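Participant: Sequence:
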Amino acid sequence: MNLYDDQMGLISQYYPEIYSQVVQEQGVEKPRRRSGRKKKKGEGGSGNGVAGKRKLSQEQVTMLEMSFVNEQKLESERKENIASQLGLEPRQVAVWFQNRRARWKSKKLEDEYSKLKSEHDCTVVEKCKLENEVLRLKEQVCEAEKEIRRLLERSDGFSSINSPSSSFLMEVLDPPFLGGFGFEGLEKVLYVPQNDYINGLEWVNRYDM
DNA sequence: TGTGAGAGCCGTTTACATCA
DNA sequence: TTGATGTAAACGGCTCTCAC
Numbered sequence: 018m019n020l021y022d023d024q025m026g027l028i029s030q031y032y033p034e035i036y037s038q039v040v041q042e043q044g045v046e047k048p049r050r051r052s053g054r055k056k057k058k059g060e061g062g063s064g065n066g067v068a069g070k071r072k073l074s075q076e077q078v079t080m081l082e083m084s085f086v087n088e089q090k091l092e093s094e095r096k097e098n099i100a101s102q103l104g105l106e107p108r109q110v111a112v113w114f115q116n117r118r119a120r121w122k123s124k125k126l127e128d129e130y131s132k133l134k135s136e137h138d139c140t141v142v143e144k145c146k147l148e149n150e151v152l153r154l155k156e157q158v159c160e161a162e163k164e165i166r167r168l169l170e171r172s173d174g175f176s177s178i179n180s181p182s183s184s185f186l187m188e189v190l191d192p193p194f195l196g197g198f199g200f201e202g203l204e205k206v207l208y209v210p211q212n213d214y215i216n217g218l219e220w221v222n223r224y225d226m
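If you count the first sequence from 1, you need to add 17 to reach this note's numbering.
Because the hints were derived from the structure by calculation, they are not lab data.
It is possible that some hints are incorrect.
What the hints assert, rightly or not - Label pairs and their calculated CB-CB ranges:
1) Cys139 with Val112: 50 to 60 Å
2) Ser123 with Thr79: 14 to 24 Å
3) Cys139 with Asn116: 34 to 44 Å
4) Glu162 with Tyr130: 43 to 53 Å
Stated by the list, open to error - With a straight-line cut-off of 30 Å between C-alpha atoms, the simulated DSBU-like cross-links for lysine-lysine are:
5) Lys72 with Lys90
6) Lys146 with Lys134
7) Lys144 with Lys90
8) Lys163 with Lys146
9) Lys132 with Lys146
10) Lys72 with Lys144
11) Lys155 with Lys144
12) Lys132 with Lys72
13) Lys125 with Lys72
14) Lys134 with Lys124
Keep in mind that this is a model prediction, so the values were computed, not measured.
All residues carry an ideal CB built from backbone N, CA and C; glycine is no exception.
Based on the provided sequences and hints, a complete structural model is requested.
Facilitator: Take a look at the structure:
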């Protein structure tokens with residue numbers, strides 16, 4: 018059983034009147050090659066024997082839609098079959114499939130756009146949430162720093178500046194010595210002895226080239 | 001390798017239906 | 001009745017594939 022048989026099964030099930038008409042028209046042999054592809058406008062080609070375009074009937078469209086759902090591409094044999102079943106020119110069937118593929122593609126693009134837009138909107142909302150969170154955390158840090166400074170100032174009245182607790186707090190609050198003066202990375206190149214009690218100027222002179 | 005035919009895609013045109 | 005507008009059928013041009 019091929020796709021065509023599947024289609025016919027569906028059609029007989031859902032559209033018995035169309036199916037009986039189709040079965041009656043089976044067996045019509047048509048030439049497979051098209052002759053004279055180009056036609057001037059107004060020459061027709063609709064196969065209706067009427068000048069101008071005519072909309073396809075509801076039954077024709079239904080059958081074409083069902084066929085399209087089964088398979089979007091149209092092989093020659095299938096096209097001939099559908100055309101003979103529906104009393105249309107093969108060219109009409111081909112054109113209908115072409116236009117239907119275009120509509121399908123357009124709809125697909127529309128759906129993809131909607132999906133992407135929805136995802137984009139979600140991302141924007143998430144970004145706003147994260148930015149708010151960053152602001153909130155920054156405020157917390159600011160408050161914490163104020164609190165530390167307040168505690169430091171209070172502790173000045175009770176202990177000397179060289180007490181272990183205050184030096185620890187200073188380390189927390191102040192940037193590293195080299196980094197604070199724009200010498201980031203130099204500490205890796207220059208050796209600074211840990212317990213060397215030379216003053217700052219002497220230290221600079223020692224490493225001055 | 002060149003050529004002709006068939007088929008698909010894309011953009012456009014045309015015929016027709018609908019509505020204000 | 002008529003003009004604007006939307007939709008679907010059809011066309012024309014281009015490209016690709018395949019057989020010869």
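Participant: Work down the list of hints and note, for each, if the structure agrees.
Facilitator: Cross-check of the supplied hints:
{"no.": "1", "hint": "Cys139 with Val112: 50 to 60 Å", "in the structure": "41 Å, violated"}
{"no.": "2", "hint": "Ser123 with Thr79: 14 to 24 Å", "in the structure": "21 Å, holds"}
{"no.": "3", "hint": "Cys139 with Asn116: 34 to 44 Å", "in the structure": "35 Å, holds"}
{"no.": "4", "hint": "Glu162 with Tyr130: 43 to 53 Å", "in the structure": "48 Å, holds"}
{"no.": "5", "hint": "Lys72 with Lys90", "in the structure": "22 Å, holds"}
{"no.": "6", "hint": "Lys146 with Lys134", "in the structure": "18 Å, holds"}
{"no.": "7", "hint": "Lys144 with Lys90", "in the structure": "44 Å, violated"}
{"no.": "8", "hint": "Lys163 with Lys146", "in the structure": "26 Å, holds"}
{"no.": "9", "hint": "Lys132 with Lys146", "in the structure": "21 Å, holds"}
{"no.": "10", "hint": "Lys72 with Lys144", "in the structure": "51 Å, violated"}
{"no.": "11", "hint": "Lys155 with Lys144", "in the structure": "16 Å, holds"}
{"no.": "12", "hint": "Lys132 with Lys72", "in the structure": "34 Å, violated"}
{"no.": "13", "hint": "Lys125 with Lys72", "in the structure": "25 Å, holds"}
{"no.": "14", "hint": "Lys134 with Lys124", "in the structure": "15 Å, holds"}
Violated hints, listed in ascending order, are 1, 7, 10 and 12; each of the other numbered hints is respected by the structure.
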